[in-house]
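**Q** Spelled out from the first residue to the last, the chains are:
There are 2 protein chains.
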Amino acid sequence: MERLNRKERVAAILKILSDNPNKVISLSFFQENFSMARSTLSEDVTILKKVVEDIGVGSVETVAGPTGGVRFVPSLREEDRQSFLKELCESLKNKDRIMPGGFLYTNDLIFSPEITNKLGIIFASYFRDKEPDYVLTVETKGIPIAMMTARYLNVPLVIVRRENKGAEGPTVSINYVSGSKRQIQTMSLPKRAVKKGSKVVFIDDFMRAGGTAKGIIKLMEEFESKVVGVGVFIEAKTEKKLVQDYISLLILNNVDEEREIIDVKLKNN
Amino acid sequence: MERLNRKERVAAILKILSDNPNKVISLSFFQENFSMARSTLSEDVTILKKVVEDIGVGSVETVAGPTGGVRFVPSLREEDRQSFLKELCESLKNKDRIMPGGFLYTNDLIFSPEITNKLGIIFASYFRDKEPDYVLTVETKGIPIAMMTARYLNVPLVIVRRENKGAEGPTVSINYVSGSKRQIQTMSLPKRAVKKGSKVVFIDDFMRAGGTAKGIIKLMEEFESKVVGVGVFIEAKTEKKLVQDYISLLILNNVDEEREIIDVKLKNN
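Those protein sequence lines, which keep their order, are chains A and B. Residue numbering for the first sequence follows full-length UniProt numbering, starting at 1 and increasing by one per position. Residue numbering for the second sequence follows full-length UniProt numbering, starting at 1 and increasing by one per position.
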């Protein structure tokens, strides 16, 4: 790299930090790549702390110690988070989304890179303090949101399958009862996918009674691992949930097929 | 936002552009948010063009005209692309990946946020000139790579399902023959998921004979849409492919179960 002047270098450092969310990058990496003194780097980091706070995209943190360095932790300002989720609510209220059976069509939202990117930042902010080793999801519709959450937590994504395809070696399968339909379902995960003694966060697009989340907790017991957080994008209002400890961003109170009214609101977490 | 000085502002502008890959952001957005003159902004953009080129993360482009502005287009330097793919090859050669039946365990790679992020940048670079309206994939294992490709192309992701769950309204299903196993398979997509007359790019983690890709081409015909690009992470060496026009990053020549040797190489595109 050719020698950059300060304003160029500050931008370059932020770009590198931002491309590696929640990852500690050593100060010596920057010193070597930009041939700069430690004191100059410290001043640059101070500038960056101010910049990211000012535009409300997260924080730049200094981590002390031998494995220390600097990292970018993405987050949304509370007002930006609220207005983003309110926009999603408005979009969800569109009556064209009502499918026969009272289902709600949400694929355009939960598969949107722009939307799932922000949802990933929101969930990562909730669960970062839990220091998870993995983000888990069950195929299929929760994958994009879980993927972005894993990216912003800087941990691997693990996808639990509905059936054992047999191509992934020794696999643990469990049966569980879906809370709403009372049907027996299966979920499978290769033994090597999650290390013993891990902490995992489960992310999904939708929760009705929470049967899937309960299944995941049971599955993780087989891996001698622990679910330290459950996050769902939309929760359906139900009489009783099978899990108590979870975070949801929106709550779907009712879909009135006849009057074509969708009652969906922000959940207060 | 409080008034930022130039070095702060340059970093802030790059962060905003970088968070919205391949999206044209109007100059007036920046002028208003940072209360700056057009001429100053032009100078900042010139600085940013140099910065991103220097650290090899893509390019900052100025787009003229009434809908114009500035955008960040991510890409990898050829040498970084090569060394990244070579690292993946080395990882793939680990004999512990060999599963009964000669399958290769790749979940840790194709679900890794860090790896799929780079694969997304690579595929987006290949297909950007095709100006696709959507990135398509078939559940499940290709979703993370397809998701990141869609993010860097700034287009929606569409996930084709293996079965029609019935909760997504009118759906188009087709049957196709998988090229390798010669089995009849089904793929389904809600009618509203792809607009008539669209251009789509199909992304998957693995291609054997190309039966799935051929199925997608057939499915898109039902949507009066066109597959303008096919990109797969790993291609298996086969006698004959059912599709001719595709890009693969790695080629898996052979998995020798007995001698525990995996022959995988970079594909020359």
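Possibly wrong hints are sitting among the right ones.
The list makes no distinction among identical chains, and a pair is therefore deemed to hold if it is satisfied within one copy or across any two copies.
List of simulated lysine-lysine pairs, BS3-like, C-alpha gap at most 25 Å [to be verified]:
(1) K226 / K195
(2) K199 / K237
(3) K191 / K7
(4) K95 / K165
What the hints contain is simulated information worked out from the structure, not anything from laboratory work. Values in this document were obtained by computation on a predicted structure and should not be read as measured data.
**Q** Hints first: check each against the structure and report whether it holds.
**A** Verification of the supplied hints:
| no. | hint | verdict |
| --- | --- | --- |
| 1 | K226 / K195 | within (11 Å within a copy, 43 Å between copies) |
| 2 | K199 / K237 | neither (28 Å within a copy, 39 Å between copies) |
| 3 | K191 / K7 | neither (49 Å within a copy, 50 Å between copies) |
| 4 | K95 / K165 | between (38 Å within a copy, 20 Å between copies) |
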